[in-house]
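There are 4 protein chains.
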Amino acid sequence: DIEQVMSFTDENNTGVWDHNVPYMFNSTEEAKKIFECLIHPIKPDKFFKELWERKPLLVRRHLENYNDGWFSTAELDKILRQENIHFGVNLDVTTFTDGKRETHNPAGRAHAPVVWDFYQNGCSVRMLNPQTYSRNVWKLLSVLQEYFGCCCGANVYLTPPGTQGFAPHYDDIEAFILQLEGKKYWRLYSPRSDAETLPRLSSGNFSEDDIGEPILDVVLEPGDLLYFPRGVIHQGKALEDTHSLHITVSCYQKNTWGDLLEKLMPRALQIAIEEDVDFRKGLPRDYMDVMGIANSDIDNPQRKVFLRKIQQLMTKLISHAPVDSACDQLSKHYIHDSLPPVLSEAEKSCSVHGDGERWEKSKKCVVGTAEMEPDTQIKIIRKGVLRLLAEDDDVRIYHSLDNTRIYHGSDPQYIEISAEAGPAVEYLIHSYPEYVAIDSLPLGTLDEKIAIASVLYDHGLLLTSEPLDSIDDDESSGEPDNC
Amino acid sequence: DIEQVMSFTDENNTGVWDHNVPYMFNSTEEAKKIFECLIHPIKPDKFFKELWERKPLLVRRHLENYNDGWFSTAELDKILRQENIHFGVNLDVTTFTDGKRETHNPAGRAHAPVVWDFYQNGCSVRMLNPQTYSRNVWKLLSVLQEYFGCCCGANVYLTPPGTQGFAPHYDDIEAFILQLEGKKYWRLYSPRSDAETLPRLSSGNFSEDDIGEPILDVVLEPGDLLYFPRGVIHQGKALEDTHSLHITVSCYQKNTWGDLLEKLMPRALQIAIEEDVDFRKGLPRDYMDVMGIANSDIDNPQRKVFLRKIQQLMTKLISHAPVDSACDQLSKHYIHDSLPPVLSEAEKSCSVHGDGERWEKSKKCVVGTAEMEPDTQIKIIRKGVLRLLAEDDDVRIYHSLDNTRIYHGSDPQYIEISAEAGPAVEYLIHSYPEYVAIDSLPLGTLDEKIAIASVLYDHGLLLTSEPLDSIDDDESSGEPDNC
Amino acid sequence: DIEQVMSFTDENNTGVWDHNVPYMFNSTEEAKKIFECLIHPIKPDKFFKELWERKPLLVRRHLENYNDGWFSTAELDKILRQENIHFGVNLDVTTFTDGKRETHNPAGRAHAPVVWDFYQNGCSVRMLNPQTYSRNVWKLLSVLQEYFGCCCGANVYLTPPGTQGFAPHYDDIEAFILQLEGKKYWRLYSPRSDAETLPRLSSGNFSEDDIGEPILDVVLEPGDLLYFPRGVIHQGKALEDTHSLHITVSCYQKNTWGDLLEKLMPRALQIAIEEDVDFRKGLPRDYMDVMGIANSDIDNPQRKVFLRKIQQLMTKLISHAPVDSACDQLSKHYIHDSLPPVLSEAEKSCSVHGDGERWEKSKKCVVGTAEMEPDTQIKIIRKGVLRLLAEDDDVRIYHSLDNTRIYHGSDPQYIEISAEAGPAVEYLIHSYPEYVAIDSLPLGTLDEKIAIASVLYDHGLLLTSEPLDSIDDDESSGEPDNC
Amino acid sequence: DIEQVMSFTDENNTGVWDHNVPYMFNSTEEAKKIFECLIHPIKPDKFFKELWERKPLLVRRHLENYNDGWFSTAELDKILRQENIHFGVNLDVTTFTDGKRETHNPAGRAHAPVVWDFYQNGCSVRMLNPQTYSRNVWKLLSVLQEYFGCCCGANVYLTPPGTQGFAPHYDDIEAFILQLEGKKYWRLYSPRSDAETLPRLSSGNFSEDDIGEPILDVVLEPGDLLYFPRGVIHQGKALEDTHSLHITVSCYQKNTWGDLLEKLMPRALQIAIEEDVDFRKGLPRDYMDVMGIANSDIDNPQRKVFLRKIQQLMTKLISHAPVDSACDQLSKHYIHDSLPPVLSEAEKSCSVHGDGERWEKSKKCVVGTAEMEPDTQIKIIRKGVLRLLAEDDDVRIYHSLDNTRIYHGSDPQYIEISAEAGPAVEYLIHSYPEYVAIDSLPLGTLDEKIAIASVLYDHGLLLTSEPLDSIDDDESSGEPDNC
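Protein chains in written order, with this note's numbering: chain A, 14 to 496; chain B, 14 to 496; chain C, 14 to 496; chain D, 14 to 496.
Treat the hints as calculated values from the structure; they're not laboratory data. Check before you lean on any hint, since a few could be wrong.
The list treats identical chains as one, so a pair stands whether inside a single copy or across any two.
Taking lysine-lysine pairs in the DSSO-like style, the calculated list, with each CA pair at most 30 Å apart, reads [as the list claims (entries may be wrong)]:
| # | residue 1 | residue 2 |
| --- | --- | --- |
| 1 | LYS59 | LYS317 |
| 2 | LYS376 | LYS361 |
| 3 | LYS59 | LYS91 |
| 4 | LYS374 | LYS91 |
| 5 | LYS377 | LYS345 |
| 6 | LYS62 | LYS152 |
If we strip away everything but chain A, and leave its shape as in the complex, we get (with noise of 0.2 Å):
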């Protein structure tokens, strides 16, 4: 259906993915070149203009290795066997049969033999969080986070061949489906009607009758990509003949502008009320007696001035919205939704991850101090893992430097600065990818530049152009213990 559904073949590819982490001197160019390898070959610019948010893509590539290297189910029966998977929490067993949706998981650890028996018997397997265990899928998630600005997930799905795992529904996310592994049979449906376009919340599950004719009616071999906007009804069924293993990236949950505005409305309101007299004064004496929904049929002239005051009022509002303040609040929790980066080699040698101080076994002893110089180079380590916020009276650093590979497996993590910092913390942001030296922050003493760099250095967040150098390594004395 060509209004519905855009299609593609992808004859002349001949291109597979790069899954080594290169040294990213720029994380939003880097970024940008995954998703276009992601949705090849449309390009971006005609995907966000035509069918985000709008209508299902689907990419036949006729290249089976394309998506290959993202996972596959020889990892993920070596992550059953090595990682503490638990039932429920990492992983379901489901099967959908005779029209009946059904979860099957028992407690505990799910043993890769325990898995496999339910496989075998025709389960399901969906694994939750596979970007917890698998390095790459880590990977690709961390860096089209930073692409699409908001937290991204997966879902693995595997399902034993001839059987169907889940019953029709939609989502509330956008969905890219990377077919990795043998064939599966898709159905889409448009959303049922404009309250379930682009919801905010996932359906139940649907019968056939509930959900019309498929837009779309397909089945996806290795390499294919299939995406879909949240609401897009689909049902997927691997063939009889083949089990079929994808991974579904996902993003743009709550990311919209309600969600926004739940930030803002309240503080406007607030902010309102404490400039502006006019939300301070009272309320018409009578205001009752006109209005409510047992008067709200009632034409009257006072509930005409009434209803002009709250518009007069609601307006005004908008002069006092901090919508810097809500964007700055809703990235706080991307930072802390977030995955950590995956830093390469290169990348590690030129950070604190780097060698720096360090135990000397043979001496007993610390070595390798390592200071930073008014000339050192230092850029921010990404564009994405940093926001810089004012808060309770303070200015704060919230990074995703620290965050674990399970989502919200630890705090919001964040450093006060000085506000006289604030403007060198925010000279580095806008100077990426562009390294720049310590001596040119904008801070008044060398001292405080060298401190704050420091401080940035000490939590992870910057790199230098080179490693920086020891100083003490020649001069080490060699005495037994006593550096």
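We have chain A; now place chains B, C and D onto it with these hints.
Below, chains B, C and D without anything else, positioned relative to chain A:
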């Protein structure tokens, strides 16, 4: 100061108030009369146009018994002896000496001799809720609340000769001070800033240095009235040769446009998000790069687009705002905050408080069964005691009849009725103060009409034009214990 | 059944009770008298030896006005009209028809005509806390609580002719049923098992099949008394030709050795652990191998050693048990649960309720200052209204004087005194019912003696042998408003 | 001091520990061996008879690599680089200088260079849970916990030359200090009072004035051991010319008779009240007159009767005490507190961690199905990893297999089994360490035997004597994706 305070000398006044509870044919009218007496000789129209929420009003009546009857020190003495008055809960003993404000409340019940001991030692006595114990204060407030369409409260202040009990401060309510006994020297000061004009919260204690020059400087005598808006700083001291007793009637606490908007805005946003997909669309991918405090000084076209979008959505919000529903929510709080009405004997006899069924001791049975007839003439017992609301898919009549004279002494009381009966209740509300025949209620069958009238009558919400006739008084057989 | 119930016919009784509040020289004695009247002609010694917590007692008095004065249906009617009685809170309307027990409470206030309507339609009316509204019930319970040393309650039951309002069941209180009006047919049944003898909780509703043969089968007439212990199953039905009104006085709810031990044991253990290192020694390394349900059938010497050790420690616990302190904790609850005392006019005049300082309207000042003198004779106002406790490093007098007639209508009330003043309070407690001179209190200085006496007097805890003399009545100058 | 400390010089010791995980045929035996090595050359019998919970033990080994392998500063360096170590959560940096104890933790992750910077500046480094990151520490503690029958913990302390990181204090655990690197000067002091002997809680920081003369004064060298009971005050300082690294193994925190009684007594009382009517009988009416602090000095026969009654009831309590059940509750906590076991490769291959069903990448299907047979020989995988409990009317096996290496990182894990299967589990527990054939389990049918064995196996609780045979490896058809 002609500009900041309006002062009157009421040369010709000869009237005193009538403290009897009338049969309130029209409670709105009665309420208006009471308020006119309160501010006499100022007319309400002038008052609300020129003074209300704007500037203080002083009326010197030279008629020392003008305010008589509302309260007296003798009544306070009687209440202390008869009621379970507790320090800190119902009554405070305080001093303001050498610029220091202190509260001297011991624990437990405030027995009269103990309170008078404090008084003899120079303590001011503040009774916090005289309406709970004084029938006349109850009467005054229960009528004024209907006039103002909001909860009214009162404090009584008794001050020993030559002392002051409180530091200069401002309150969060509109204050009407009625001087009852003795003389008090008052000084009023303008709000110190726009932000303290019509403030939402009361101030702490000020020192003389904080408050500037008084705008009013006057000795109140019995019969006088002093009104001032919230935010006006004030202090009062009893003259050296006399004690002082006054009652402060208060209203309009948290009854502003801002308070209504606090109910309205979250619901408006929720509705907008449900009804309008524009509120459910995703934020721009890169909004975090241009928005936020760290970017607020940057001139950027994307920022402008973003801000314009917010402005559009906030403007759209107006059309989704459920103003009537928010007014109903505020009204519901008003009903819960209200004092129950004071009923005259005549009113009692024409309501559920009248004879009706009763236990006949000599016959050892119930007599006096009375029933409503199609031609029974009924009306709501007071304009302001009930509110019809749609809530949680039910139609409810919230009412204040079972409220106690202690603030929030009972939970909000409501009657659930069928949606069909709603218009009959609306009809009764809009017919007020006229009586209507039960038969004329806009409902399908006579049974339904009798049923809704009976429910309202049984909860005390209805007045009949005459006491209901008893149907069994004549027929009763007189057989012992078997009526 | 001579063995299971004790029945009496009180042939010669001619007395009726005196419902006036006496000046209680000795509240213990007065309480005893009231209880003797209650169970007359049984003597208390016999009652507590043979019946209390053992078996029912029936006294048929053939003196229909014997119980008069405590309550009547006419008083119920009056209360419904004058007080704010709420369905479900203060009053229930119920039926038990064809083996089915139902409650018919509507929401809100129970207006008299509405209640009588239910009654006319065959509903029983149960008033839950008549002591709050009936001065005589208050009097009865406030005295009996002192007799029993525990909280006493009451329910009033009005039953229409020929109906039953409740299913057979047992309660968790000792019950004294005083038949007031009409006749009721009662059947009593033995507890069904040891476990249901003196139970801690009331039962649900039983059917006839559950309860066996009655041990008592009697028609109660006005003036009669029926007592039965908690656990005795009972049901009552009004005779066909008459309504029935009775009051059930209840006591000993959660006032058992077990309740005391629940306060005592945790504290005993805590003290033992603090004081005795044996309780702080480690468990045997391998106790888990021999102990636990899975090992309970195994005959093992280590188990025996372990069990013997537990036995030793539990025996040791006895010597650490702070029995007095636990009794005080229970007493504290009793004080909080209590009704305040009913004072006679004579008692009021000799306490803080007497004249003392008062507002003299004509002089516009306080007169009647009265002060305690060294030779003022004082005593505690009632034996049971206070309790001296050591708590949180403070010495506190908990008292019931500021309690309300509504159960737990106020927080526990206490006065904090100095540790030095403790013996003076003990002296007063142990001197009861005799008066002692303030000067004889065991305290260092006269000032301290006057101080503690004043604090107790001001809180209403003391009676003086005569009203305090006023010291200023003659001297007062008569100057207007400047006493 | 020969009486207060036992000191040994281990002249002939030549052994070093074997840090490999053995195939633990009998985990009880293995645990004993590890403990024997820990305290070598003292024998456990002597240790527990003369020293445990009594006095310190010092073993000077003159064998500097005796404790090697458990931990090293080099391993700390590695952990800091590889793991997400957070200041305040996993690691503290502290100083004790001029009598002042300070903690210098910044917020966030403890990157190696930052930690070494603190160290260079004289800070001690304490790692709070090395078992989470060090496999050898995990191994040591997981075995010792089985030996002690209680949770074991560990802290690692790295101290720069010439510094002290902590003030003198005592702890609430039995401490085994293993000196690993460098030298530390230790001083030990006796508990200051009986109340501080075997204390329940750790102390605050002491000054020299608080603690008297040391009972031990020694320099620990690598290979040495120092044990002391909870309550022994201690302080240690690195020698001027060397850093110091030691690990403190701790156990017996809240594992005392008192802790067991805290579980036991409330339940014993509850049972006694249910089972014995004596506990449900009412208190004497007048007990408040003779009991309570205010009466405690009065010699009164009623008091004696009352106290004797309490004594009787407390003695009776003993016979109602559910000791096994309380032990099980304590055991349940132990299981939750435990580290999971460290399994050898051999053990893994004979349990659910072995091959079993697995994904065969080339065949694109699951292969290796293995099933238990009647003659399969099974045993519990470790003596101490599970506990059979009756709880909430269910039979549950609590186990520690799914615990994380972070304390309480997962909820308590249990398997619910049928009451019938209970004896089979008991049989397995009591058969340990011997293998038994599934067929020999005391259960009705073979299916039931296989079923309970499978459930235990699937949760990782069973070892088989040999790896299970795969039943499908030969038969598998090799057809692509359709096994």
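Q. Are there hints from earlier that the structure breaks, and if so, what are their numbers?
A. 3 and 5
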